[in-house]
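Student: One letter stands for each residue in the lines below.
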Amino acid sequence: EVQLVETGGDLIQPGGSLRLSCAASGFTVSNNHMSWVRQAPGKGLEWVSVIYSGGSTYYADSVKGRFTISRDNSKNTLYLQMNSLRAEDTAVYYCARVYDSSGYGWFDPWGQGTLVTVSS
Amino acid sequence: DIQMTQSPSTLSASVGDRVTFTCRASQSVRSWLAWYQQKPGKAPKLLIYDASNLESGVPSRFSGSGSGTEFTLTISSLQPDDFATYYCQQYNSYSRTFGQGTKVEIK
Chain A
1437 EVQLVETGGD LIQPGGSLRL SCAASGFTVS NNHMSWVRQA PGKGLEWVSV IYSGGSTYYA
1497 DSVKGRFTIS RDNSKNTLYL QMNSLRAEDT AVYYCARVYD SSGYGWFDPW GQGTLVTVSS
Chain B
97 DIQMTQSPST LSASVGDRVT FTCRASQSVR SWLAWYQQKP GKAPKLLIYD ASNLESGVPS
157 RFSGSGSGTE FTLTISSLQP DDFATYYCQQ YNSYSRTFGQ GTKVEIK
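Residue numbers (the numbering used here), protein chains in the order written: chain A, 1437 to 1556; chain B, 97 to 203.
Simulated from the structure, these hints should not be mistaken for laboratory data.
Hints should not be assumed to be uniformly reliable.
[Unchecked claim] So the derived list for chain A, only partly shown, Cβ under 8 angstroms to chain B, looks like this:
#1 Pro1477
#2 Leu1481
#3 Ser1538
#4 Gly1539
#5 Tyr1540
#6 Trp1542
#7 Asp1544
#8 Gln1548
[Unchecked claim] Okay, derived cross-link-like pairs now, DSBU-like style, lysine-lysine, Cα gap no bigger than 35 angstroms in a straight line:
#9 A:Lys1500 with B:Lys199
#10 A:Lys1479 with B:Lys135
#11 B:Lys138 with B:Lys199
#12 A:Lys1479 with B:Lys203
#13 B:Lys141 with B:Lys203
#14 B:Lys135 with B:Lys203
Even for Gly, the Cβ is constructed at its ideal location relative to N, Cα and C.
Work the whole structure out from these sequences, hints included.
Tutor: Following this line, the structure appears as structure tokens:
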């Protein structure tokens, strides 16, 4: 069964750092394109970052220079390192596999999400 | 960035109703549009990709249509399990933007 499980969400002060993890099962992370998508409380969905199977990475303008996406092939796990966190980064963070058979691709499946709260 | 606008924001309907909602793009996204269903406290679930292709396992009462800048998602006969929020997502640009969602409520 294809599954994604995120961990690492926490309450963190503004300016702090946090690393999220997304453990995959049923498929190989390094052979797929993977993304992080976030959802602020009561709000819609926002794409955050993507890492392609070849290793290229891209970010939304809102997190560029502060967040870093990476993966550990030996652990079949995706990561999101978040630095210089701001209140507006408060959200549930989902990891998802990207299917790009057309365009830049849609997301399927999704993990259950992990909550990051940035507050003093 | 391509902006995605969904209407209505909220839709009240009854079990058995045929419901249709719309997603409009600020510029053409060809047919590169997906629809997701999200229930409270849960992750989004893919329903439709490439504007009209039904994801495996999704009931056939769901259908999508459109191309360019205007797209629709139709539920032919609303079921109790369908009360949720629905999001469209374009993947014509790398920003992969989502609409703000349409919440389907019980009338």
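Student: Check the structure against each numbered hint from earlier and tell me which ones fail, lowest number first.
Tutor: Going through the list in order, the structure violates hint 1 alone and respects the others.
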